[in-house]
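Chains as they are written, first to last, in numbering that gives the first Met the number 0: chain A, 0 to 99; chain B, 0 to 344; chain C, 0 to 215.
These are calculated hints, taken from the structure and not from any lab test. Only a predicted model underlies this, so the values are computations on that prediction, with no experimental measurement involved. Warning: the hint list may mix true and false statements.
[Stated by the list, open to error] Pairs of lysine-lysine, DSS-like flavour, derived with a Cα cap of 25 angstroms:
1. C:Lys211 <-> B:Lys322
2. C:Lys211 <-> B:Lys146
3. B:Lys322 <-> C:Lys213
4. C:Lys125 <-> B:Lys146
5. C:Lys211 <-> C:Lys125
[Stated by the list, open to error] Which residues of chain A face chain C? A partial, calculated answer using Cβ under 8 angstroms:
6. Arg24
7. Asn26
8. Ile30
9. Ile34
10. Val46
Built from N, CA and C at the ideal position, the CB exists for glycine as well.
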Amino acid sequence: MMHVEFFLIIAALLFSIGCVGVLIRRNAIVILMCIELMLNAVNLTFVAFAAEGQAMTGHIFVFFVMTVAAAEAAVGLAIVIAFFRRRRSTDVDDASLMRW
Amino acid sequence: MDPVLERVIVEAAVKIALVFFVVLTTVAYMTWVERRVSAWIQDRRGPNRVGPFGLLQPLADGIKFLFKEEITPPHVYRPVYLLAPILILVPALLTISVVPFGPALRLFGRDVPLRVADVDNGVLIILAFASMGVYGIALAGWSSNNKYSLMGGLRSSAQLISYELAMGLAIVGILMSAGSLRLSDVVARQAEHGWNVLWQLPGFVVFLTAAFAETNRLPFDLPEAETELVAGYHTEYSGMRFSMFYMAEYANMVTASCLAATLYLGGYHVPGLQRLGLPQNAAAIVQLLAFGIKVAFFLFVYVWVRWTIPRFRYDQLMNLGWKVLLPVALVHIVWVAFIVLMGWA
Amino acid sequence: MHLLIGLIAVVVVFALLRAFLPGRTGLPVLFLLIAGATLVVLERADLLRIEFWAGSVAFVAILSALLIVLHPNPMVSVLFLIVNLFCIAVFYLMLQAQFLAALQVIVYAGAIMVLFVFVVMLLNLKAEEGLHLGGGAQRGLALALGAAFAGLMLWAIKTRREPPYFAPSSFAGGFGTAREVGALLFAKYLFAFEAASILLVAAMVGAVILAKRKLE
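With the sequences and hints as input, model every part of the structure.
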């Protein structure tokens with residue numbers, strides 16, 4: 000028998016680690032990876048609550064979150080590649096052309 | 000320890016050890032089969048000096064690899080370089096864990112099913128581990144810190160993920176007819192209604208082609224051919240680590256053959272065995288042998304195609320995967336859906 | 000008694016490995032650790048409860064998440080994210096979500112992460128020298144925000160009403176299987192399903208166009 004809070008706490012910690020990663024790291028690809036980490040933490044929360052409430056709705060939500068995450072990762076990486084071709088750098092601090 | 004738990008663990012451990020042993024021996028003797036069959040196709044003799052009919056040749060090759068000097072070039076990224084051969088071998092072996100080798104055997108007063116694990120979503124597990132097989136090759140290419148390896152690794156991974164799609168879609172046809180993700184249900188359905196290859200022929204061809212591409216075998220072995228890209232993703236590997244790549248390729252072949260036999264050729268089913276009325280254990284052994292024969296047939300087809308057809312160029316390869324196999328698989332799904340809905344299956 | 004025989008066997012195999020593989024200390028030591036750990040765990044059956052496994056998987060998940068953020072080499076970060084995704088797939092299995100566990104490995108760990116590996120390989124990203132994690136102020140602020148957010152979520156978890164324990168036997172048959180997910184997906188959430196497929200087509204077209212060298 001597992002407490003569902005165990006999974007909620009793990010998900011909360013993973014989400015905060017991902018959050019800190021997005022704010023701290025400068026490599027665009029690592030930032031995208033930390034976003035994926037946050038999405039996974041949210042998925043874990045959904046599945047945990049679905050198990051507790053005996054409702055499959057949580058699983059459907061996770062299905063769609065995975066779909067959207069896949070689409071977003073593909074487009075995000077394409078943007079990183081296009082940016083890299085121009086500036087030869089994946090550092091997000093270098094994306095400063097439109098800064099005021 | 001709890002006796003029930005102990006018995007379950009011992010049973011699982013024995014089955015795992017047996018399957019492991021059989022698969023690794025098959026992998027070792029596939030090198031012998033490859034050399035003898037290729038020699039037969041090319042009208043010459045294969046290895047026939049080491050032991051009767053050259054049967055001890057794999058042993059000699061293994062000892063040779065053990066004693067070869069393992070040079071680790073200084074410019075590689077060591078942790079990933081050492082991890083890559085493992086990452087190729089493990090998914091191939093893990094996939095065998097859900098394949099049903101035979102029906103239940105009656106031992107010690109209990110029915111022992113002849114498979115390591117019969118999970119509810121066996122087919123998804125197969126797809127999952129097929130997707131994990133990409134990493135070993137990509138990481139081997141990347142960690143070698145070498146232009147040729149990187150290109151070989153990239154090309155090979157792109158090929159693998161393209162054909163994974165076609166393979167998955169061909170499997171969807173099987174799932175629709177079986178109505179379940181469990182591999183033993185797929186076999187049971189084929190036992191009742193006839194083997195899947197008979198009425199899902201386009202799907203079978205797509206699956207077999209995709210399996211050839213997934214295992215990096217000719218005609219799809221551009222990423223690792225000796226005349227291209229030096230040796231592709233395993234350029235910087237030597238000695239035992241190189242042999243791990245070799246073993247992994249043959250293990251992938253064995254896995255793909257087991258899957259083709261289970262999904263399309265009825266797995267361990269022998270038509271007409273019911274009428275003989277054999278006792279349970281004898282019938283189980285006969286079906287196990289039948290499964291082995293089917294797998295051996297597919298392994299022979301692998302070797303046969305390799306030494307018969309020239310290899311594809313990379314753009315022809317990607318063309319075939321995306322512009323030919325994918326549409327054929329999609330049309331096949333519609334066709335199978337129509338048949339299942341009409342109730343003709 | 001079994002433990003004693005097991006330990007003797009492990010020591011014998013260890014000595015044999017050391018004898019036959021001279022100069023390679025890594026493999027025999029690894030074998031010793033794994034075999035020793037297996038024996039100890041098997042003997043102490045109370046350690047085989049699910050809490051032990053859940054705890055170790057959780058430890059690996061959090062450790063790998065920290066290493067994603069902290070390791071300078073982007074490819075190694077990708078590998079740690081793959082490990083993390085596997086741990087989450089194991090959590091899904093513990094939560095009776097078998098279809099989602101397989102889907103997680105197929106889609107996330109097997110396709111999205113391959114995309115990340117491709118991009119890191121294509122852009123030939125090396126390890127960042129001196130991982131400057133933002134300026135001093137940015138780093139401190141980010142950590143403070145992260146800690147505050149984690150604290151907020153943990154407090155919210157702690158102050159929820161007393162939940163019911165769930166035991167596997169209380170699940171309806173077929174909870175979390177592909178059949179159940181499919182029944183909901185194609186009936187109640189059909190519109191969202193179709194919209195998601197259009198989203199994927201849009202993403203595919205967008206990614207292909209964005210990554211082209213030049214638009215003819």
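Results for each hint:
1. Restraint check: the Cα-Cα separation between Lys211 (chain C) and Lys322 (chain B) comes to about 19 angstroms, which is no more than 25 angstroms; the hinted pair holds.
2. Pair hint Lys211 (chain C) plus Lys146 (chain B) holds up; C-alpha atoms about 22 angstroms apart against a cutoff of 25 angstroms.
3. Restraint check: the Cα-Cα separation between Lys322 (chain B) and Lys213 (chain C) comes to about 23 angstroms, which is no more than 25 angstroms; the hinted pair holds.
4. Our distance criterion of 25 angstroms between C-alpha atoms is met by Lys125 (chain C) and Lys146 (chain B), whose separation comes to about 14 angstroms.
5. For the suggested pair Lys211 (chain C) and Lys125 (chain C), the alpha carbons sit about 23 angstroms apart, so the restraint of at most 25 angstroms is met.
6. Interface hint at Arg24 (chain A): satisfied, since its Cβ lies 7 angstroms from the closest Cβ of chain C, which is below the 8 angstroms cut-off.
7. Because the beta carbon of Asn26 (chain A) sits about 6 angstroms from the nearest beta carbon in chain C, less than 8 angstroms, this interface hint is met.
8. Hint on Ile30 (chain A) is violated. Least Cβ distance to chain C is approximately 10 angstroms, over the 8 angstroms limit.
9. Interface restraint check for Ile34 (chain A): the shortest CB-CB distance to chain C comes to about 11 angstroms, outside 8 angstroms, so the restraint is violated.
10. Given hint, Val46 (chain A) at the interface with chain C, holds; its Cβ is 5 angstroms from that chain's nearest Cβ, closer than 8 angstroms.
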